[in-house]
Each structure stands twice: as C-alpha cells, then as structure tokens.
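There are 4 protein chains.
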Amino acid sequence: MLIVMKMDATPPEVERVVSTIEERGLKANPIPGAQRTAIGITGNLGVVEPAHFESLPGVLEVIQVSHPYKLVSREFQPHDTVVDVAGVKIGGPEIVVIAGPCSVESYEQTLRIAKSVKAAGAHILRGGAFKPRTSPYSFQGLGLEGLEILAKVREETGLPVVTEATDIDVLDQVAEYADMVQIGARNMQNYTLLRRAGRCGRPVFLKRGMNATITELLLAAEYLLDQGNGQVVLCERGIRTFADHTRNTLDVSAVPAVQRISHLPIVCDPSHASGKRHKVLPLARSAIAVGADGIMVEVHDQPDKALSDGPQAILPNELETLMEQARVLAPMVDRSLGALV
Amino acid sequence: MLIVMKMDATPPEVERVVSTIEERGLKANPIPGAQRTAIGITGNLGVVEPAHFESLPGVLEVIQVSHPYKLVSREFQPHDTVVDVAGVKIGGPEIVVIAGPCSVESYEQTLRIAKSVKAAGAHILRGGAFKPRTSPYSFQGLGLEGLEILAKVREETGLPVVTEATDIDVLDQVAEYADMVQIGARNMQNYTLLRRAGRCGRPVFLKRGMNATITELLLAAEYLLDQGNGQVVLCERGIRTFADHTRNTLDVSAVPAVQRISHLPIVCDPSHASGKRHKVLPLARSAIAVGADGIMVEVHDQPDKALSDGPQAILPNELETLMEQARVLAPMVDRSLGALV
Amino acid sequence: MLIVMKMDATPPEVERVVSTIEERGLKANPIPGAQRTAIGITGNLGVVEPAHFESLPGVLEVIQVSHPYKLVSREFQPHDTVVDVAGVKIGGPEIVVIAGPCSVESYEQTLRIAKSVKAAGAHILRGGAFKPRTSPYSFQGLGLEGLEILAKVREETGLPVVTEATDIDVLDQVAEYADMVQIGARNMQNYTLLRRAGRCGRPVFLKRGMNATITELLLAAEYLLDQGNGQVVLCERGIRTFADHTRNTLDVSAVPAVQRISHLPIVCDPSHASGKRHKVLPLARSAIAVGADGIMVEVHDQPDKALSDGPQAILPNELETLMEQARVLAPMVDRSLGALV
Amino acid sequence: MLIVMKMDATPPEVERVVSTIEERGLKANPIPGAQRTAIGITGNLGVVEPAHFESLPGVLEVIQVSHPYKLVSREFQPHDTVVDVAGVKIGGPEIVVIAGPCSVESYEQTLRIAKSVKAAGAHILRGGAFKPRTSPYSFQGLGLEGLEILAKVREETGLPVVTEATDIDVLDQVAEYADMVQIGARNMQNYTLLRRAGRCGRPVFLKRGMNATITELLLAAEYLLDQGNGQVVLCERGIRTFADHTRNTLDVSAVPAVQRISHLPIVCDPSHASGKRHKVLPLARSAIAVGADGIMVEVHDQPDKALSDGPQAILPNELETLMEQARVLAPMVDRSLGALV
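So the protein sequences, as listed, match chains D, F, L and X. Residue numbers for the first sequence follow my numbering, beginning at 351 and rising by one. Residue numbers for the second sequence follow my numbering, beginning at 351 and rising by one. Residue numbers for the third sequence follow my numbering, beginning at 351 and rising by one. Residue numbers for the fourth sequence follow my numbering, beginning at 351 and rising by one.
Derived from the structure by calculation, the hints contain no laboratory data. Be careful, since some hints might not be right.
Here are the in silico distance ranges between beta carbons for each label pair [unchecked claim]:
#1 F:494 / L:358: 38 to 46 Å
#2 D:594 / X:655: 36 to 44 Å
#3 L:577 / X:577: 30 to 38 Å
#4 D:671 / L:358: 37 to 45 Å
In silico PhoX-like cross-links for lysine-lysine, where the CA-CA straight-line distance does not exceed 20 Å [as the list claims (entries may be wrong)]:
#5 L:626 / X:356
#6 L:468 / D:356
#7 X:420 / F:356
#8 F:626 / F:655
#9 L:356 / X:626
#10 F:356 / D:626
#11 D:420 / D:468
#12 L:356 / D:420
#13 F:626 / D:356
#14 X:356 / F:420
#15 L:420 / L:439
Yeah, the Cβ is synthetic: ideal placement off N, Cα and C, and Gly gets one too.
Kindly produce the complete structure, drawing on both the sequences and the hints.
In structure tokens form, the structure reads like this:
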C-alpha cells in the first residue's frame, strides 16, 4: 500500500501517518520526493484497509499495490490448472467445445440436440434445467425433471454435462446430476452460493458478471478455491457497455488478461455475449484466436420454437462449420481440438 | 411488437411473416411505407418472444413496443404506493432518512450510533448483519448475533430496522428480526431470493444492481409483486461506468425516470455510490432535490475503526447538518421531513 | 511513480530497474516488502513515461502516483477561480443560470426567448449558431448570421452571450461576437481548438466529453491555461453509460470531485444530459444541491417547432419555477442567486 | 416512426396525433391493440423529428424505426466497397496489415521500422506526424517534418502511407503527403474536419470514437460519403467501458455488426485498444478471426525509447509471427494475406 501525501502536508502530518502505520505492526517507508512525500507500507497487509489512512490529515490518496486475491494467482501457483470434467480436460493442450440448448425443454429435444453436437465433435453438453430469467413471466426451466433428462442423455451419448445452479436451494441436486456446476453471471457475487459450490465436489464453471472487473471475477473464484475447490473454469460471456448493437460486448481481451494473472482456464461464451445467431461464429472464432481454453455455444435444431434464447442459438450444421474452423485455428494458439469423440 | 422488413423484402416474405403471426393467434397489421413495410402485431403478446420472427427471411429487425412489466407500472396502478415500515411511511409526503453503520459490529457500537442518528432525526436504522463482500478475506458480518443486536437496539431506541438478507438461507431469520428486508445490489437478479422475499411478509428494500437498467430494476420488483408483496421500496445506489473518480456513479436521473413509469417509492444511497465521505452530503442533497422519497446513508462515530466501508461513513454531526439541509430542501419537492421523532 | 516487482523477481532484476531509473537522472527508492519489492521514483518526473519500465524483466506493474495536470489543480492555486463573463461572475458567491434556445433560429425567436429568460432572472443567454450534429442531414445552424442575431439580442436585453465554436475555422468569429466561447463535448479533446481557444481573449466554457474522466477533463482545461487563459468554466453535461432511460447519465458527483481537485468553476447542463423536458427541472435542482456554480438550461417557447432538441427544452414558465427553486436552494450551498437583473 | 399511445389515451388524443401527422404531409396508420393504440407513420420522414410528437397529450413514446444513415448502408449499396490505397486494396479478398511506429520520430527511425515491417509482409506504413495528446506536456509530433519523412520513406520502401490529420488546419498538408488520411477517434465527431476530409481527394481511415455507437460511426462516415468521398475505411480501436484491465475494450463484435449494415470495409487496431504489448498479438488474431478486413498495428524496434505509446508497440519479430498467424487464419474467413510485397 502506498500513501501519497498532499504537496503541503506538514512534517507532523507525515509523522502521524507513520506512527499510525507502526501502531498496526507494519513498517512505514517514507519516500520524500521533489514535490511531495509518499509512504510505502510493508509487512502483512492482510487486515489493513485503505480506510484507515485515507482520512488522516495531509493524506491525498491511498493506492493499493498488492491485489486482494491469492489462491487464484499465478504468483501463488505458476503452472496452469487443468480441470477434469468426467474425463474432458479444460486448460490443457486441447480446446474444449461445450454445446447444447439454452434450456432443456424435453427428453426428445435434448437427446436430438446432444446427438447432433456430439456428431459435430463437441466435448461437453450444456443445457439449463433451472433458468434465471429477467422477467417473472418467462419460462423458468424444467427444474429437477430437466436434471433427470440431462442425466439420461449423458448415458445415451457419453457426453459430460454442465448445467446451472441458480441457488443454494438447488445446488446439491445440480451437483448430484451434473459433471460440472455452472454459476451464472448474475450469481457471480452470490457469495453464499460460491461458498457452497466450493464444497460441492464438482468442477465449477464460473461466469463473469456483466459488470465485473477481472479482479472481481478472480475474487469470486477465490471464494471457491478458499473452500478447497481448485477445479474452476472461468467464462467470459460479455460485459455491459453503452454499445447497443449486441446484447453484451464480448471482452476478448479478458482472456490474455486472466491468463497472465491466474492459472485457471478461461472459456468464452459467444452466444450470450451477442444474442444474435449471425454473430456467434465470428465471435467464437475470435475467442479461440485470442487464446481461450474453449468455447460454450448454444445450439438448437428448431430455434424458432426454442423456449428461451432461440435467436442466439446456432444450428447443428453451423456448429459443424465452427468445429472445422476451430480445428484449423487451434494450432496457431499451440492447441489442438482433439480427435472426434 | 413491430416487425420491420428489409427494403428489398418480397411480398411472399411479408406474407410469411403475416401468416406466422396469425398462426400464433395474433393479429398482423401491415403498414406499407415508402421504402419498406412494417408489420404491427396486436393481441395478447404475453407469450411471444421476438425470437420467433427475427430469423424469418426478409425481416430487418423486431422492435418491442410494450414493456414486460405490469404490476409495478403506473398504467396498472396510477396512485403512489406508500410503504409502511413499522409506522414510518416511505412514498408519502415525508422524506425518510435511513441511517446507521455499514456493519453491526457490537451491541455498544450499534446502540451508540443508533442513538446519535435518532437524535439527528433519522427515521429508520440500517446496519448489516450479513455482509456480501467482494473478497473472501474481508469481514463477513456477525450474522444471527447481528440481528439480535439490531432487535435490542430497536427496543431501546424505537427505530425500525432494515437489514440485508444475502440469501434464501437467512431470509426467514432476517424477516423475523427486521422491519424491512433489504435485497442488495448484487442480488437484484437473484430470482429465488426475490420470490421468497415476495412471500416474507415484510416490506422489501430492493437495491438497483450496478449494471441494471431501469427496466431490469422494475422487472426485479415485479418478481416481488407477483408473489403478492406490494410493499417494495426501490433504491438507486450508483451504477458502474467508466468514471473512476467515485466507486459508482449515482444516477440521480433514475428517480424521475422510475417515478414516471412506476408507483413504487424510490430512495437514494449516496454512501455506496460515492465510497467517499466528502461526497456523501452533496450527493444526498442532490438526491433529495431530484425528488427521491428518501435517502439511506451510512453513519459511524469512529469510521477509522469501522470493520467495513469506514471511508464512506459520515459522522453523526454531519448527519445533523444533512438533516437540516433536507428540512430546507423538502418543501421544494412538495415534501416535508417530518417532526423530530 | 511506483514500480512493483513480481514476487519472484531476482536481485539482479531489481538492480537493473534501479540503474535504469538512475540513468535517467532520477532517484530510486527501493522498498523491500514481505512478499515483493516496490521501487519509488522521485525527482523531476515530467518526461518519464511508465513505458520505460513496464517491459523490464521482473516488473509486475508501474503505478502513476502524481497526476499529469498542474495549472488547473488546487495544489497549484488554492483559491477558487472566478470567471467574469461581461460582468457576470461564475465561481463566486452567486449561482449563475445560463439559459436560451438550443439553436438560434431567427432574430425574432431569439429575442423573444431571451426576453423571457431575462424576465425569469437568468444571467447569461445561450444559443447555438454553429451546431455539431450527429447526422449530416440535420439542421447545422445559421452560422455567422446566428452570431449577428446573438449580438443584436445582447444589445437589446443586456444579457451576455455564450455560444459554441465548433472549429478553429470559426473560433475567431465566435470570439468576436460572444462573451464566452463554448467548446462542445465532442470537441473536448480537439487539441488544436483548445490551444486556439486558450489564446482567444475570451472566457471559455468547456464541456466534459461524454466519455471523459475527470482527469481528462482537467487535462483539456490544462491546454487552455497553458496558453495563458485562466478564465475557464467546466461543464458536466452527462456521460455515456449503459443506462438507456436518459440520453446521457448526469454525473453530479463530478461536481464535488472537480471542486476538490481544481480551482475552476463547474456548471451542470441538465438539458443535454437528460434529453427529456420532464427530467430537466429535477436534474437542475440536483445540480444546484450538489454544489454546482451554475446551470445551463435550454429554453424554448415553441419546443414543438424547434429546429433542434425541442424535446429537451423547458418552457419559459418552467424556467421561472426553476429560478424560484434555485433561490431557495442556494443558501444551503452557501450561495445566493443574485438579484433579478 | 411509430407512436405508442398510453393505455388510457382518449380517442380525441389519438385523433390529434393523427391530424398532426397528416398536417406534415405524412400518412398515419393507426394500429388499435388490445391494451393501447400505436400509430405508424409512413411517407418521406427525412425532416420529421420525434420531438414533434413526443409532447402531444396521450403519447407514451416515439420509436424510430428507420435508421438515419443512407449512403453507407448496404440497403443503399449491396456490394462491398473496396478502398484503393495507392494500389493496396482494403475490403477485397486480401487481409491488409497496416504497421509502423506510433510517432514519426526521425528519418532513421521511420526508415528502419518501415523496412522491417515491409520485410515482415505488411502492406501499408503508419506513423503519426501530428499527434493528439491528452496532456499538453506530452510530445505532440514532428508536424510537417514528419510528413516529409513519411514521403521519403515511402519512396525508399514503396509502402503507401497513412497518417492522421488532427485538424482542418493540417488536413490539406496531410492529404498532399499521405496515401490515406486518418481521422482519429477523438475527432470522429469533428464534423468540419469530416466534411473537409470528404473533399480531400484521398481515401479516409475513420476511427470509431471511444464512446461511439455503430450508428454514430456510420453517421460520421455518412458525412464523408455525403461530400462525395466513398473511399472510406472504418476502424474499431476499442471502446471505453468500466473494464480496467486494458486501456479500452476492443469490441470485436463491431466487425460483423458493421458488415451486416454497411458496405464499407472495417479494420481493427489492437494496439490502441489494449495499450499493452502482450495483448496485441492475441487481439490481432481475434480481429482477423472475427472477419476484419485488416489490422493496424504499432511496431517499434526500440519501444523503451519511443516518444509515445512505447508499451503497446510490438517488436518487428513479433510482427513476423503475427503475419504468419494471419496467413493461416485468412482462409478461414475466405481471405488470403497476399503474397509478400
């Protein structure tokens, strides 16, 4: 932490800051400059909040130097984490494609789409049983029945399944049925849910909130790791900006940013970011090219009849095109796409 | 809903859109224009998603005309809702001031601050027992003990109490102890929590998410009203923007915007919006002047030692100044501040 | 400037940073901490860019400690600047109201509106002669003829005039006719224009760009002061955010933020921020209550027929109401509204 | 344009809107719905502003249906525009790479870097002679001398040159020396400059403003086309968002969005978007993969000594890597990278 004094701060004001630091068992390192004095603080800063210094007389501002996350950082663990989802490895040499419908609507619909995404070469099946919806009047998901459908479809296709736990209420159920538990963007800062997910015994797929900074995303993941669950996949799914030509703005730069700071794998979801089918393939390619560990993409064979988010679902044959493109792209980012399952 | 056709859309394409509309039991109203055709849809649109038309050939875009909320809208209920918090009325002729510490830290601290905010003329006591924190390493609140402290302090001071329910896990407890249940900004789209809060039997204080539009805020409130709870107070507490001179940008324009569309009262929280003590009074005045039904403000008598958010807490004597200013301001917005309790 | 080393930076890496600092004639102040070393740089940092250190091995990040502006800062000039616009003082004890039509449309229209705003008690007349318009097909202003109309109307009413110089091309003309030259939000970073305006011999009314931070606004003003023009009024007119219920989000917190850092006066423009008549009065009150030195507001007596921005113009009688409210509000921020002219 | 009436609008209110529309020579198309009436307006809407209807009694809101741009739209010109920069075609089957230093610092520096970017296979040389800088104390470019250096270097290397015209003052000079004139992000809405650039006789490279929507970008281009200059290249260079891990957020989705609406080519600039060298290659790949017509990238062989933006400049050997990657990527978006020049 660095405390910057005002230009006209008096020596007693500087002295008071120094003694306030020392009272807390920390070391004050004054740096007298040409125009003003700054004071570096060293020692165990775990419990110090800038608050304690900001209101002292003569203080201009307090600058946080170290970041508040630990377990998720590359300084803590230099090597990449590889997350194992029932045998599918995320964060390793292969790019992983997670595909499926927005919502589980019926056994037939889910099986049909699962078969088509498997045929296209996708590695993991997605599908929502519990759906967080902006309006109380929208379709809210099949719930437990949806989880059972996913389990049956997994049995038939062999595809591992990821699905969202919208609340602590349903977390255990979801963890029982799913191979990876998704925490949605709106729940990224639902800390009770994060703590429980950190103890659920399954890998967690954590989506970045629409207004979350990278630091906040990593701190949300820190909640999971802090509970002992290191099997965490981050997901960039678009942030909220002033731009109105897409539902959200896919922040591809989050991928290299996270990879530099953290050892956790990061995947992109171009479907939710764009909200429009015709942008999904370009954005998916973009995500792979920027170096993402995988993509999550919504697929539906009858998007006009989908109960949710039909306009952003690509068709099975578009997924096939995407897989071919991904196969070409992968080597450029020192990856492969894996053999067809 | 209005469907805008491309300039070069063919008559059969227009015809297909019309018949797709009619298949759904709706009425298609084609408007042939100089350059293109638009098609208005009328009938009960409750279950129609734009998705169903966006991907039809010849369609340029689909424009939603009616808003998705109902119960919260002034078209549904023209007169203002007045929320009764243990006798304190929010949304009526008096501006309500909710004040207290960020966190309940101890019985003594809470009582001391409660007495000082009461002496200053505040109407409701705030104080967090369960704290949602960005970092797992920050103070997370006293929990149940905090609720018990709040109840005791209410008994001693007569001030009604509002405190946050961070999750469904603790909602019943919070509803048992508090006079009004707060749903925090990070939980504004925690739909399970909203539904339960809609059945908790207490007024609900719903904070706008940092990235929520007014429509989304109103839809979150719609979840509460849809469960039968019409006693809802909305709260503007700052949105996330590129501006970096405050923690969040207090969007005072949300107040007249909400008041035009909805009958629910709306309060501003200048403490969380600014994150800095020296901006709290100016922003609080700003909120009252724009027409808010009240303000929520954090007060601490020893902010340097506060366990959370000390730098944004104002001192008891600053609250007194604020109350005097509010008293002068109130008549300008056709309000009063009420007699000293 | 503070250089933060990685946790695993080696002593030779630290040494190399130190010597790179010293090669530039600066002083390196290493602060060895528990986990990592930071190095404070002191000396004349005028010409040092973080770039020079960011790419050295072992460096985690470079943090700028001092701000890049000088002349505009309160550290440079502690007392408030008062700007004199043909006798009207902005930044002094009186709140200043600048009012008038968006565009000068004709002599009659301008005179009529000027008389009504004067009767209401406004202090300065606004009106655009050169109009920057998003679309090339919109009304672009009367140009020189507009300036001549403003001059005639000033003669008749005695109201000083502020109008926008959209480019260096017209700056001299504008400076010849106007009592204060406006630099619009879209031109806040038009540096050639700023430099010329800094030498134009008139006070300058500088609007914050829709995406400008406070630091960038102050640096734009620094261009003016650097050219010898200290008569600068800043104007907050709304920033671009995700919020879609107003055209822009009026950032009232910019007022106390600027006042803390800079000695320049700051005014708010609620008309452009909101884009809607019914929000103008609430936002104007909000601006005065937060402590702004004045407000700029668009007034039209026939808004339905206005050639630009009619929907955001208030009517003359609404201005009268606003002036009354401002008169009540002013004492609360230790101001007055001045006698009727 | 669609006028949505309030639910409780009376028949005379509807009638008044209809007659107001007809008075303007337009056709009113009332659509009575279950809950409310909407009125579509058809006819030549060129001169109608929503203002004229928004304030009529009973009107809830006015929705713009058609977009305000014409010449830039694909509806106006279905086929892609190909821009010819001294023989290099942007918007055709080949992806174009524009590379060079941020600033022209000296003849030697520019020649050295130009040779290296040519050797790597880049097609056009970039380099700033006039530099718009946030601070008046930063290096402002060599001006005319810089233009002369660029011209000499072009002669020696054969690379066409693009450089920025920061103002109308220097536009003619820039147009005389450069093969393509750049309009910077901060000048995207400098309409005088746009109009002049529309008559300068050179292709124009128009950067998206940091806070510009796609509609505003296209309207800025419309100013150029309206003056007869159809040789316009758009450039996405990052937008301003809350995200603080990069200088700006590269909005790759702007590429498919623009391509769907407009016939103009669009290029991405990953250097300014990221501000950090280590993100440039990933973002450049991302831009190509999303379908951009080219990339503009800053290259410096001694970035530590660069007079501006050193930290975002890639090294010549990194450009070589990027060119190889682009060569592999190109076929996936049905492009090639062209033979080495």
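Checked hints:
no. : hint                      : in the structure
1   : F:494 / L:358: 38 to 46 Å : holds (44 Å)
2   : D:594 / X:655: 36 to 44 Å : holds (42 Å)
3   : L:577 / X:577: 30 to 38 Å : holds (32 Å)
4   : D:671 / L:358: 37 to 45 Å : holds (44 Å)
5   : L:626 / X:356             : holds (17 Å)
6   : L:468 / D:356             : violated (44 Å)
7   : X:420 / F:356             : holds (14 Å)
8   : F:626 / F:655             : holds (15 Å)
9   : L:356 / X:626             : holds (17 Å)
10  : F:356 / D:626             : holds (17 Å)
11  : D:420 / D:468             : violated (38 Å)
12  : L:356 / D:420             : holds (14 Å)
13  : F:626 / D:356             : holds (17 Å)
14  : X:356 / F:420             : holds (14 Å)
15  : L:420 / L:439             : violated (24 Å)
Violated hints, listed in ascending order, are 6, 11, 15; each of the other numbered hints is respected by the structure.
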